[in-house]
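Based on the sequences and whatever the hints tell you, model everything.
Line by line, the protein sequences are chains A and B.
Each residue of the first sequence is one higher than the one before, counting from 13 in the numbering used here.
Each residue of the second sequence is one higher than the one before, counting from 13 in the numbering used here.
If you're looking for bench data, these hints aren't it; they were derived computationally from the structure.
Check the hints yourself; a few may be wrong.
All copies of an identical chain are treated as equivalent in the list; a pair is satisfied when it fits inside any one copy or across any two copies.
[Stated by the list, open to error] List time: in silico DMTMM-like cross-link candidates among lysine to aspartate or glutamate, alpha-carbon distance up to 20 Å:
1. K61 with D274
2. K61 with D283
3. K219 with D120
Protein chains: 2
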Amino acid sequence: MPVGTQGTVKAMSQEELKEMGFEIILGNTYHLYLRPGPELIKSVGGLHKFINWGGSILTDSGGFQVFSLEHIRKIGEDGVVFRSYVDGSYHEFTPERVMEIQSALGSDIVMAFDECAPYPCTKEYAVDAMVRTHEWAKRSLDARDPNQAFFGIVQGSVYEDLRAQSAQFISSMDTDGIAIGGVSVGEGKELMMNAVDWSVPHLPEYKARYLMGVGTPEDLLDAVVRGIDMFDCVLPTRLGRNGSLYTTYGRINIKNNKYITDFGPVDPECDCWACANYSAAYLRHLYKCDEILASRLATYHNLYFYARLMQGIRQAIEQGRLLEFRKEFLAKYRKHRASVHDEEARQDNINAEKRSYAGCRPQRPED
Amino acid sequence: MPVGTQGTVKAMSQEELKEMGFEIILGNTYHLYLRPGPELIKSVGGLHKFINWGGSILTDSGGFQVFSLEHIRKIGEDGVVFRSYVDGSYHEFTPERVMEIQSALGSDIVMAFDECAPYPCTKEYAVDAMVRTHEWAKRSLDARDPNQAFFGIVQGSVYEDLRAQSAQFISSMDTDGIAIGGVSVGEGKELMMNAVDWSVPHLPEYKARYLMGVGTPEDLLDAVVRGIDMFDCVLPTRLGRNGSLYTTYGRINIKNNKYITDFGPVDPECDCWACANYSAAYLRHLYKCDEILASRLATYHNLYFYARLMQGIRQAIEQGRLLEFRKEFLAKYRKHRASVHDEEARQDNINAEKRSYAGCRPQRPED
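In structure tokens, the structure reads:
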């Protein structure tokens, strides 16, 4: 799911998202609640109509944003009091209020209100946050709009027993799907995959599984292999705006001098609109000049790369060759990294990995 | 001609420009010379190939930018020494060098190197600048690439005799077209139209006439009536990015509160992509959230408005009813302004007029 924080996937039009083959996008309840507000969106018939998107929409619960913002807040059993980053005004999110907002937004899939514990956090805090998340999940389910699909969220931080306990609890509820939350908060790839491994065995086979805020192309493959079905991540859009582009042979920084005279496409194996019409050299020039078309081309290309990857994954699953597909994909994708002659790209990849886990969830409206 | 200062019409793709019906865009020699440089563009076969634009390109001579920048410079008979706004390095533009650069860019129409006198300026200065412009026009013509169409530029500031003298001089040269320059530099609408009126009688009937850096929809109509054929202006793109949108009933500021709940198109009489798919309320939301899609929708809409206006003008000329067309257009377009109930929009229109003449030429890479 491309991330459309404020009712728009940054730099893209809804027509382009459709053209790329996306059938569902994510909207952020926290941001849309503050601007333009659920009443306005409800008055025009919901978020689909407001933004003119014919596909599906999943809205998160705002839990991640509320808990990750530095603004003064109060966490109680009933809910969370927080300050708007827009105007400093005070607001309260409770499970019931969050369900009401998501109902007004009219999204197809709504998420339970949860407490996303930070990383690192003590086991004591993780237990508290998990228990509160479970209570809030029950209240969210009770307050849900029956016309919307409802997903519960597994928490439990980096603790094996808590993840198992939370997965069992959420699985026992009458939900339409289950998300694994509290990942991609700076814990690093190994701990993130642990959280998946500790949760998955307790999830029912027949419900959609959604790993929130993940991830890199490699993460998606590793998580799908572990049984995950759905993802959302700002990486393709945010990195695109910063000049970092995914290619068949690894992620590149288009601002590098090597692209000054590269008049071929960014990725010779890509058939997206950007690669079909514009060169790497032109894209680099647009970045150097801070032009809007740079963000447009790069975002389109990166989202297309993700769409194609997921299409490839689905096809490989149908053909019973997921592990081969993953191996083939990674053999090419890691080529940059393996090359000793391409130290610059390698270092860029390493730095990006480090950043990825801290930064691939939308906090501020930048994404 | 939409303005593509740095090899891109801000926020637009080349496919969109074509879709709107534009057949020619403007590129700025000054900016393209500094970044990415004429050698690079030449090496790939010219600006058309570098930016993937199948239509025509006119490049200005850089004279306007060089003379309007505040950076240290030296004006001599041979040319102008100026400092790059990018890195502070020194560069010299002479008529021969500017022709060489435009040849490397491979544009379809190139402009003579001229001195654009500021406003206000003394008659003494205006004479000096005009004489230098004439000398440079001859040298530009001598140095031109014969594969490109060449336009001379009339100067003369706000002085009737100088405009007549300059128009006669430039008309005597073997050019493919003639531009009226030195307008839209803060002199206001009346003096600008005077410059046109004083120049036009001396121009040959059979050559294209281009009024540089103009203007508002009303300016275009007023200038076409006076015999002008071609225009370039950043107003539709720059104002679009700032939330100011042209409509059949006048220019509006989409950020105004009245658009919060306006779920109709920005202009009910417009059939552009933006108006067909997105509401004024959504566009306002995108502006308030500083989203890229706001600039995209508004720029597309404004450029489409200009394209439609010019199509209407061409059709009216063919039908021999230009003055009626102008009257009909303005009767609707000035409706906002005439309404005493719409003081906000009126004031906005007035302020915009004031700004227009100082700001509708590209100086910095912002446009």
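Hint-by-hint comparison with the structure:
no., hint, result
1, K61 with D274, "between (42 Å within a copy, 13 Å between copies)"
2, K61 with D283, "between (31 Å within a copy, 19 Å between copies)"
3, K219 with D120, "within (16 Å within a copy, 61 Å between copies)"
Checked against the numbered hints given earlier, this structure breaks none of them.
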